[in-house]
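Protein chains: 2
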Amino acid sequence: MDIQSELKKIGLELKDVEGYTEDMGYFKGEADAVVLARSTEDVVKVMRFANEKGIPVIPWGRGTSVTGAVTAIKGGIIIDMSPMNRIIDFSDEDWIIHVEAGVVLDEINAFLRPRGFFFPPDPASSFMCSIGGATSEGSGGMHCVKYGTMKDWVLATRMVLPDGTTVKVGEPLHKNRVGYDLTHLVIGSEGTLGVITEVWLKVVPIPSYKIKRVLAFFDSEEDIGRTIINLRKNRVQPEIAEYMDLKVLEAVKRSFNIETHGVGALLIDVPEFETEKLSMSLSNPSYVKVAESEEEKEELYKARSYAYLAVKSISKYAMSEDIVVPISKLPNVFKKIRELEENYGMECPIVGHIGDGNLHPIILYDDSNKDKAEAFFRDLCKYVIDEGGSITGEHGVGIQKRELAIRQIEVHNGRTLLELMKGIKSVFDKKGIMNPYKQVV
Amino acid sequence: MDIQSELKKIGLELKDVEGYTEDMGYFKGEADAVVLARSTEDVVKVMRFANEKGIPVIPWGRGTSVTGAVTAIKGGIIIDMSPMNRIIDFSDEDWIIHVEAGVVLDEINAFLRPRGFFFPPDPASSFMCSIGGATSEGSGGMHCVKYGTMKDWVLATRMVLPDGTTVKVGEPLHKNRVGYDLTHLVIGSEGTLGVITEVWLKVVPIPSYKIKRVLAFFDSEEDIGRTIINLRKNRVQPEIAEYMDLKVLEAVKRSFNIETHGVGALLIDVPEFETEKLSMSLSNPSYVKVAESEEEKEELYKARSYAYLAVKSISKYAMSEDIVVPISKLPNVFKKIRELEENYGMECPIVGHIGDGNLHPIILYDDSNKDKAEAFFRDLCKYVIDEGGSITGEHGVGIQKRELAIRQIEVHNGRTLLELMKGIKSVFDKKGIMNPYKQVV
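If you read the protein sequences in the order shown, they are chains S and G. Residue numbering for the first sequence follows full-length UniProt numbering, starting at 1 and increasing by one per position. Residue numbering for the second sequence follows full-length UniProt numbering, starting at 1 and increasing by one per position.
The set of hints was computed from the structure by calculation and includes no laboratory data. Be aware that one or more of the hints could be misleading.
It does not matter which identical chain is meant; a pair holds if it fits inside one copy or across any two.
Pairs of lysine-lysine residues, derived as DSS-like cross-links and limited to a Cα-Cα distance of at most 30 Å, are as follows [what the hints assert, rightly or not]:
hint : residue 1 : residue 2
1    : LYS422    : LYS45
2    : LYS233    : LYS297
3    : LYS168    : LYS233
4    : LYS336    : LYS370
5    : LYS74     : LYS382
6    : LYS168    : LYS45
This structure is a prediction, so every number in the text was calculated from the model and none was measured.
Let's have the full structure, built from the sequences with the hints guiding it.
As structure tokens, then:
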């Protein structure tokens with residue numbers, strides 16, 4: 001069957017598949033066709049056709065996955081949601097914004113900020129990722145240490161199920177207790193349950209208090225872990241609490257005016273009324289820079305946002321990890337990563353949302369040592385599982401972490417939980433056509 | 001079969017069924033047996049036995065449901081979780097507390113507050129409800145306007161599935177993206193998916209900024225709704241924003257030293273640095289009382305907490321509603337309730353968490369007019385559904401709202417969503433023994 005001709009026959013607009021062969025984590029796939037979705041009706045048409053023929057369907061926001069969540073690894077139809085990019089409605093009384101799935105995340109904030117509001121989850125890809133993708137991936141970002149990830153901000157979605165039925169999942173209300181909570185089942189399901197076409201999000205006012213932004217340098221990663229523990233023990237809720245090690249700082253320095261000292265730095269925002277407690281919490285800082293102007297604040301934030309791309313640019317390939325450990329285990333996890341670096345003879349700069357125990361160690365490799373990089377990655381993930389952590393805090397499972405994610409569930413939750421997830425997948429997608437071979441289902 | 005003898009034979013401790021025939025909403029049931037759960041093992045024993053014989057099982061925290069969620073309406077075994085009341089672990093580094101399901105909610109805060117932390121969801125029954133019950137019901141309370149409900153605070157649960165298998169659902173971590181989010185499926189599932197035996201909760205520091213508490217009186221409910229709209233438009237995030245109408249205030253006054261003026265009052269907490277914006281937001285207040293001392297603050301909070309019990313004490317029966325409407329529709333919903341009062345010739349004092357659009361109109365009735373009270377209730381719920389609201393924000397569905405909840409899903413979400421919920425129920429509970437005839441499944 002010529003899938004492309006069939007799709008054209010039912011009035012769908014196709015794109016060249018060449019633009020959709022790789023995500024940002026270098027995971028490859030080859031779609032049989034790429035459909036541009038201009039409306040929910042287009043999505044319905046694709047799903048009815050694909051369900052009847054048993055063809056895989058992969059929703060594609062902007063292709064910013066780093067885990068292979070959006071590539072057509074065994075063929076099928078990619079639905080590009082980017083044309084559905086309208087902001088449908090916003091209420092400054094209800095503090096809810098209703099958007100189409102293809103809207104770029106930063107456009108939501110560009111709309112909200114002049115009105116005095118913002119949408120907190122801010123993945124590093126926010127300048128290009130779609131809100132539908134961020135919902136499917138349960139994305140996080142710098143502000144999540146205070147505000148939580150996508151799961152804390154999505155109230156409802158409209159989605160097209162594998163059989164072509166459209167449903168609204170959840171209620172665009174701040175409270176609702178009718179029925180089971182399927183909204184959170186959809187968040188983080190990585191396109192395996194249906195295609196999200198619209199999203200209702202909570203928003204919040206930009207804080208009215210002043211925020212202090214500091215960049216604190218340290219001579220040991222022990223002290224860096226200790227500082228985060230101290231912040232917790234001193235009951236300080238930071239607005240952001242980020243780590244960049246020396247290699248990351250040096251990579252960032254190529255494009256941004258940023259200082260480098262010691263082994264690395266913490267970028268921390270706290271409300272001004274918590275400044276004293278922040279100072280008390282810093283464990284042997286070697287140097288502390290306080291951002292004096294709004295411009296300086298902005299520059300530091302942008303520098304940190306750019307860190308992953310900066311590190312990617314200094315190596316042929318970069319494998320970004322996304323581990324989470326209990327705060328109490330931060331000093332140990334640093335030691336482990338440095339041990340693995342030495343054992344494997346590889347570099348692994350560390351950046352990440354350290355304030356909630358979420359680190360992105362980035363394993364650098366080239367064509368000669370991809371296998372070693374993957375072994376490094378697996379060793380680290382296994383260590384994290386043994387320590388009671390998670391192998392992903394915000395990037396998701398995709399195809400990259402499928403086996404390790406299954407292992408984590410078996411060790412932490414019990415094999416039965418995995419069976420329940422597979423059972424739920426079957427309830428939504430009897431024929432198994434939605435983004436197959438992804439997540440743990 | 002003599003269920004009680006069979007349960008004794010396998011070493012379980014029984015209680016007299018007489019203490020378990022009614023919840024706090026007067027919903028009645030008659031269990032064949034009541035088992036005291038002293039450990040997860042006890043729960044496993046009950047589930048294996050019940051699953052084999054096809055006997056319904058109803059988890060019971062402290063019986064504080066107001067919707068019939070915990071009564072054995074068609075027989076079966078009630079599992080009383082109250083003996084499982086240990087605080088297992090708390091980390092002031094991870095800001096996570098791990099407790100058994102039978103712990104009373106206020107005991108968690110009694111443990112946390114001297115350590116500088118608190119657990120925000122605070123249902124009016126917090127002095128007696130269990131944390132397992134609050135999780136199953138997705139409960140709310142006064143602090144939820146700022147902090148959200150149980151769904152925003154439960155990270156993981158341990159539960160016994162209908163076939164007796166024990167699983168941990170979720171991860172006790174601030175971020176985790178492995179697998180589907182089944183934690184939120186369990187929150188609010190009202191005991192229809194399994195028995196929760198342990199819960200991991202996020203906690204937060206007690207705010208370090210000062211809080212202003214005011215009781216503002218108004219001469220019209222139009223102005224009361226308008227004040228909440230103004231707060232939103234002025235981008236004020238209150239810590240609490242509660243309403244008590246005059247009848248509620250008069251009932252509360254019997255036990256508390258509280259003033260009464262106009263048609264009712266808003267009890268509002270804001271951070272001290274938002275005082276000015278609060279003053280700007282009050283729409284034609286007739287009188288504003290500012291709490292001057294900690295004692296006065298505490299007294300006002302307690303008075304509001306006591307409101308439902310106070311109203312219950314002035315009528316033979318009281319049917320507490322739990323509607324949620326978009327903030328923009330608050331003035332209209334007041335008008336509708338007063339219209340219904342007049343049409344039915346019945347009294348309906350209103351109290352509730354007005355800050356997030358969640359009101360508890362309490363329909364007063366006696367043995368002579370129960371049918372009219374139920375018609376009033378149905379009319380109000382139908383109005384709310386038509387206005388895009390929800391018929392429950394925190395009390396849940398139970399048996400009370402089953403039909404109306406199904407209607408809400410059909411109107412707002414599509415019948416298909418209901419089928420998905422039923423499908424998921426079957427994945428967990430093939431024989432349908434977990435708390436049958438409750439929720440929408």
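So, going through the hints one by one against the coordinates:
no.	hint	result
1	LYS422 x LYS45	both (26 Å within a copy, 26 Å between copies)
2	LYS233 x LYS297	both (26 Å within a copy, 28 Å between copies)
3	LYS168 x LYS233	between (42 Å within a copy, 27 Å between copies)
4	LYS336 x LYS370	within (20 Å within a copy, 67 Å between copies)
5	LYS74 x LYS382	within (28 Å within a copy, 48 Å between copies)
6	LYS168 x LYS45	within (18 Å within a copy, 39 Å between copies)
Figure legend: structure checked against the earlier numbered hints; every hint is met.
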